[in-house]
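Novice: So the chains spell out like this:
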Amino acid sequence: MLSFVAQRIVKGVFVLLAIIVMNFFLIRLAPGDPASVMAGEAGASDAQFVQQLREKFSLDKPLPEQLFIYVKGVVTLDLGFSFRQQMPVAKLIAERLPATLLLTLTAFGISLLLGITFGTLAARFAGTWADTAITVSALLFYATPIFWVALMSILLFSVYLGWLPSFGYETIGANYTGFAHVKDVALHLVMPAMTIGLFFMATYTRMTRASMLEVKRLDFVKTARAKGLRDSIIQRRHVLRNALLPVVTLAGVHSGTLVGGAVLTETVFAWPGIGRLLYEALLQRDYNLLLGVFVVCSAMVLIFNLVTDLVYRLVDPRIEFAS
Amino acid sequence: MLKKFVLALALASVSPLVFTSTMALAQEPKMGGTINAVIQPEPPGLMLALVQNGPTQMVSGNIYEGLLRYSKTLEPQPGLAESWTISPDAKTYTFKLKQGVTWHDGKPFTAADVLFSIETLKITHARARNNLVQLDKVEAPDDYTVVFTLKQPFGPFIGIFEVGSMPIIPKHIYEGSDVKTNPANNTPIGTGPFMFKEWKKGSFIQLVKNPNYHVKGKPYIDGIYWQIIPDAAARSVAYETGKVDVLPGGSIENFDVPRVSKLPNTCVTGDGWEFFSPMAWMWLNNRTPVLANKKVRQAIMYAVDREFARDVIWNGLGKVATGPSSSAIKFYTDNVQKYPYDPAKAKALLKEAGYKGEKVRLMPLPYGETWSRWGEAVKQNLVDVGMNIETIATDVPGSNQKNSEWDYDISFTYLYQYGDPALGVGRNYVTSAIAKGQLFNNLEGYSNPEVDKLFEEGAVATPDSKRQEIYEKVQKILVEDVPVAWQLELQFPTITNCKIKNLITTGIGVNDGFRDAWIDK
Numbered sequence: 001m002l003s004f005v006a007q008r009i010v011k012g013v014f015v016l017l018a019i020i021v022m023n024f025f026l027i028r029l030a031p032g033d034p035a036s037v038m039a040g041e042a043g044a045s046d047a048q049f050v051q052q053l054r055e056k057f058s059l060d061k062p063l064p065e066q067l068f069i070y071v072k073g074v075v076t077l078d079l080g081f082s083f084r085q086q087m088p089v090a091k092l093i094a095e096r097l098p099a100t101l102l103l104t105l106t107a108f109g110i111s112l113l114l115g116i117t118f119g120t121l122a123a124r125f126a127g128t129w130a131d132t133a134i135t136v137s138a139l140l141f142y143a144t145p146i147f148w149v150a151l152m153s154i155l156l157f158s159v160y161l162g163w164l165p166s167f168g169y170e171t172i173g174a175n176y177t178g179f180a181h182v183k184d185v186a187l188h189l190v191m192p193a194m195t196i197g198l199f200f201m202a203t204y205t206r207m208t209r210a211s212m213l214e215v216k217r218l219d220f221v222k223t224a225r226a227k228g229l230r231d232s233i234i235q236r237r238h239v240l241r242n243a244l245l246p247v248v249t250l251a252g253v254h255s256g257t258l259v260g261g262a263v264l265t266e267t268v269f270a271w272p273g274i275g276r277l278l279y280e281a282l283l284q285r286d287y288n289l290l291l292g293v294f295v296v297c298s299a300m301v302l303i304f305n306l307v308t309d310l311v312y313r314l315v316d317p318r319i320e321f322a323s
Numbered sequence: 001m002l003k004k005f006v007l008a009l010a011l012a013s014v015s016p017l018v019f020t021s022t023m024a025l026a027q028e029p030k031m032g033g034t035i036n037a038v039i040q041p042e043p044p045g046l047m048l049a050l051v052q053n054g055p056t057q058m059v060s061g062n063i064y065e066g067l068l069r070y071s072k073t074l075e076p077q078p079g080l081a082e083s084w085t086i087s088p089d090a091k092t093y094t095f096k097l098k099q100g101v102t103w104h105d106g107k108p109f110t111a112a113d114v115l116f117s118i119e120t121l122k123i124t125h126a127r128a129r130n131n132l133v134q135l136d137k138v139e140a141p142d143d144y145t146v147v148f149t150l151k152q153p154f155g156p157f158i159g160i161f162e163v164g165s166m167p168i169i170p171k172h173i174y175e176g177s178d179v180k181t182n183p184a185n186n187t188p189i190g191t192g193p194f195m196f197k198e199w200k201k202g203s204f205i206q207l208v209k210n211p212n213y214h215v216k217g218k219p220y221i222d223g224i225y226w227q228i229i230p231d232a233a234a235r236s237v238a239y240e241t242g243k244v245d246v247l248p249g250g251s252i253e254n255f256d257v258p259r260v261s262k263l264p265n266t267c268v269t270g271d272g273w274e275f276f277s278p279m280a281w282m283w284l285n286n287r288t289p290v291l292a293n294k295k296v297r298q299a300i301m302y303a304v305d306r307e308f309a310r311d312v313i314w315n316g317l318g319k320v321a322t323g324p325s326s327s328a329i330k331f332y333t334d335n336v337q338k339y340p341y342d343p344a345k346a347k348a349l350l351k352e353a354g355y356k357g358e359k360v361r362l363m364p365l366p367y368g369e370t371w372s373r374w375g376e377a378v379k380q381n382l383v384d385v386g387m388n389i390e391t392i393a394t395d396v397p398g399s400n401q402k403n404s405e406w407d408y409d410i411s412f413t414y415l416y417q418y419g420d421p422a423l424g425v426g427r428n429y430v431t432s433a434i435a436k437g438q439l440f441n442n443l444e445g446y447s448n449p450e451v452d453k454l455f456e457e458g459a460v461a462t463p464d465s466k467r468q469e470i471y472e473k474v475q476k477i478l479v480e481d482v483p484v485a486w487q488l489e490l491q492f493p494t495i496t497n498c499k500i501k502n503l504i505t506t507g508i509g510v511n512d513g514f515r516d517a518w519i520d521k
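For the protein sequence lines, the chains are A and B, in the order given.
The opening residue of the first sequence carries number 1 in the numbering used here; numbering runs sequentially from there.
The opening residue of the second sequence carries number 1 in the numbering used here; numbering runs sequentially from there.
By construction, these hints were calculated from the structure, which means they are not laboratory data.
Where is the CB? At the ideal position from N, CA and C, for every residue including glycine.
Wrong hints could be hidden among the right ones.
Stated by the list, open to error - Calculated cross-link-like contacts (lysine-lysine; reagent style DSSO-like; alpha-carbon spacing at most 27 Å): (1) B:K180 <-> A:K61; (2) A:K61 <-> B:K295; (3) A:K91 <-> B:K180; (4) A:K91 <-> B:K501; (5) A:K91 <-> B:K351; (6) B:K521 <-> B:K499; (7) B:K180 <-> B:K201; (8) B:K345 <-> B:K295; (9) B:K180 <-> A:K56; (10) A:K61 <-> B:K521; (11) A:K183 <-> B:K218; (12) B:K200 <-> A:K56; (13) B:K96 <-> B:K151; (14) B:K402 <-> A:K61; (15) B:K197 <-> B:K294; (16) A:K56 <-> B:K201; (17) B:K351 <-> B:K338; (18) B:K436 <-> A:K56; (19) B:K338 <-> B:K453; (20) B:K30 <-> B:K96; (21) B:K96 <-> B:K330; (22) B:K216 <-> B:K499; (23) A:K56 <-> B:K402; (24) B:K218 <-> B:K197; (25) A:K183 <-> B:K200; (26) A:K91 <-> B:K345; (27) B:K436 <-> B:K262; (28) B:K473 <-> B:K197; (29) B:K122 <-> A:K56; (30) B:K197 <-> B:K98.
Said to hold, decoys possible - Simulated restraints, written as ranges between beta carbons of each label pair: (31) A:P145 <-> B:E457: 36 to 44 Å; (32) B:K200 <-> A:L161: 25 to 33 Å; (33) B:E82 <-> A:P145: 53 to 61 Å; (34) A:A174 <-> B:K30: 18 to 26 Å.
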């Protein structure tokens with residue numbers, strides 16, 4: 001197993017390097033550079049001003065040299081300096097990462113828990129009204145655009161009912177501490193986490209239901225029944241455990257992208273996370289920041305994929321690590 | 001509310017004395033409280049001598065100050081300078097600085113700070129550099145006097161001292177260091193009514209009251225939270241749910257303004273933009289074969305229904321532009337050729353010009369829904385008169401690049417005019433301002449020696465009556481030539497909870513700081 005993990009890490013480093021080089025050139029294909037954006041925002045741009053900015057950001061150097069400087073930095077864990085935010089990229093990402101992780105892991109946890117539960121129930125009561133209700137709801141959540149869910153939930157829970165705050169991570173200026181702070185953050189978390197969670201929950205519900213129905217028909221389940229095992233044990237030990245494999249695969253793919261994937265939700269709810277940082281960096285052509293977020297997200301995808309492979313082993317001991 | 005007003009009127013009719021005292025009582029500022037305002041996008045920094053974008057000016061106008069402020073009619077008012085004199089030959093400007101002013105760290109403010117700021121701004125602040133082009137020397141005969149000597153008279157000179165155009169920064173913090181990388185830029189120190197407290201990136205910027213502010217009794221409020229909310233709809237909701245009290249101009253989409261304005265206890269004002277006078281127009285690339293023809297450019301002016309744009313897209317806010325100058329700035333005249341909406345005339349002019357349906361690219365400004373809709377409306381207007389229009393979609397960096405590289409046919413923009421045609425108008429039409437790779441100059445490539453000469457003379461002419469004569473002449477020529485298609489004098493309403501009083505007291509508006517604002521609890 002150790003050699004498997006070591007091999008995957010070495011491969012991962014090369015993949016990461018390839019991603020950096022590709023993204024480095026890809027984002028420079030978009031028209032405009034940070035100097036032109038900042039000159040535009042300043043409302044006055046003579047040649048001297050634009051040139052000063054380009055020199056400051058090293059954009060006047062040849063592209064290969066810029067790439068070399070960047071890669072050299074990444075190797076020493078220096079992700080460079082954000083042109084626009086005037087801060088080291090690593091510091092910016094580190095500042096925003098906790099908020100994003102809190103949001104996405106909560107959403108991920110809720111969606112997995114509820115998705116598998118509802119999927120199991122739907123499969124258990126396949127063909128009944130309960131199954132129909134769950135399946136139709138899941139389809140609805142799956143098909144509804146995230147931004148619409150976000151805006152409608154703001155309208156309902158913040159504007160009409162006044163139950164939940166509509167934006168932000170915490171109540172600004174309230175300076176809560178201890179449990180009051182936890183409660184405050186939790187209240188702010190509900191809507192954005194549910195917005196992301198509902199979509200993934202729908203996916204897991206449908207996947208679990210389909211997978212369980214398929215496994216239920218297999219011979220070993222019949223054998224278990226023939227052995228006289230109780231239905232709850234068959235469902236849990238035999239059916240669910242085997243049916244979870246595709247769900248784990250899907251969750252593995254999702255979990256990696258969750259780090260940078262909450263762009264829309266974080267923007268609508270003004271959640272100070274990585275997704276928003278990425279979106280703003282893109283609009284401002286903040287090359288270093290964009291690349292930095294890409295590097296962190298790519299690393300996360302690689303790590304989560306590795307973790308997924310390890311989880312397979314736990315779910316299904318028959319799977320062996322090819323070394 | 002209405003009942004109270006009626007009652008006050010009734011009382012007033014019975015006893016003028018009662019009315020007067022009630023009014024006086026109502027106007028008495030109250031101390032304390034915090035204002036929550038929206039800021040968007042998040043500023044890149046707060047050091048005003050280095051960063052001059054809109055959000056920075058809005059936040060930092062509370063931290064830093066200029067020598068002067070400007071009334072809503074653009075008359076200079078005391079700021080860090082308490083008085084000023086201009087020599088009869090209009091070449092020497094002497095400012096007497098206010099004594100007893102301290103920086104937020106307690107050090108005294110003196111003329112040395114002003115001299116240091118001028119030298120720094122010449123390097124770091126593109127607009128200040130341009131404004132100081134006629135400056136021969138600046139001296140400080142004593143700690144509280146600053147004398148500017150000009151190479152020749154420069155009409156708009158008295159108008160360049162507001163906080164965004166010429167922020168005064170502390171010499172003792174920056175002297176001997178690289179201003180651009182000084183760590184103090186993260187914790188800006190000014191002389192303004194509010195001090196920097198905290199900036200939680202992506203969430204808020206907190207300013208607190210400067211207890212040693214040099215205007216006795218001010219500011220009235222304890223502090224300001226500038227809240228960073230990236231989505232326009234979310235900003236509307238934040239206001240609607242009472243989480244923010246102030247939506248500075250442009251914070252929410254225009255189509256949302258009428259709805260939000262009608263919310264209970266909501267006050268709306270268009271004041272505070274007089275100095276900037278944002279003017280929207282379409283660059284017409286005079287270099288392209290189609291748009292090089294004056295008749296085509298005039299046809300575009302007749303083809304576009306600008307009243308419709310104002311009434312529908314901008315919800316009745318703003319004014320239809322009559323020419324290159326906004327009606328709010330000096331030396332404006334409306335005694336120029338008029339271009340009413342007249343599609344028939346536009347068609348006739350296009351025919352006369354020999355337009356054969358060549359494709360013309362139209363680039364709307366990528367600043368949100370309002371601008372996209374405006375682009376669509378104009379496209380329809382132009383198609384209706386027989387033009388072949390292709391819309392080019394892009395984002396802000398792309399639009400900046402295409403404009404500055406002259407890679408467009410028709411492109412929307414809006415620019416500030418800074419109170420005087422020599423500062424904010426001439427730069428868009430004179431030949432010397434044609435420079436590829438730069439934004440905010442003569443992007444359309446219009447060149448007319450007579451216009452060049454008039455703008456050159458207008459900047460240095462004295463007295464004002466002479467300047468009026470020159471600028472009226474140049475406005476007439478430009479409106480006849482249509483180098484660009486002027487659309488609207490924009491108005492960005494500031495929306496506030498009515499409990500916030502006296503927020504906007506000058507022509508600089510929200511950018512001039514909240515020093516006069518108070519909360520009626």
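Novice: Would you check the hint for K183 of chain A and K200 of chain B, treating anything up to 27 Å between C-alpha atoms as holding?
Specialist: 20 Å, holds
Novice: Holds or violated: K56 of chain A with K402 of chain B, Cα cutoff 27 Å?
Specialist: 23 Å, holds
Novice: Does K501 of chain B lie within 27 Å of K91 of chain A when you go C-alpha to C-alpha?
Specialist: This hinted pair is violated, its Cα atoms lying about 39 Å apart.
Novice: Given the hinted pair K436 of chain B and K262 of chain B, is their Cα-Cα distance within 27 Å?
Specialist: Given pair K436 of chain B, K262 of chain B is violated - Cα atoms ~46 Å apart, limit 27 Å.
Novice: Regarding the pair K180 of chain B and K201 of chain B, is the alpha-carbon distance no greater than 27 Å?
Specialist: Measuring from Cα to Cα gives roughly 20 Å; hence the hint holds.
Novice: Under the criterion that the straight-line Cα-Cα distance not exceed 27 Å, is the pair K122 of chain B, K56 of chain A satisfied?
Specialist: 17 Å, holds
Novice: Is the hinted pair K180 of chain B and K56 of chain A satisfied, with a Cα-Cα distance of at most 27 Å?
Specialist: 10 Å, holds
Novice: Are the Cα atoms of K351 of chain B and K338 of chain B separated by 27 Å or less?
Specialist: Judged against 27 Å, a Cα distance of about 20 Å means the pair holds.
Novice: Does K295 of chain B sit within 27 Å of K345 of chain B, going by the straight-line distance between their CA atoms?
Specialist: Since the Cα atoms of K345 of chain B and K295 of chain B sit roughly 11 Å apart, the hinted pair holds (cutoff 27 Å).
Novice: Holds or violated: K197 of chain B with K294 of chain B, Cα cutoff 27 Å?
Specialist: 55 Å, violated
Novice: Given the hint that K338 of chain B pairs with K453 of chain B, test it: the Cα-Cα distance must not exceed 27 Å.
Specialist: 24 Å, holds
Novice: Is the distance from the Cβ of K200 of chain B to the Cβ of L161 of chain A consistent with 25 to 33 Å?
Specialist: Holds, at about 28 Å.
Comparing the model with each numbered hint stated earlier shows that hints 2, 4, 5, 10, 11, 15, 20, 26, 27, 28, 31 do not hold.
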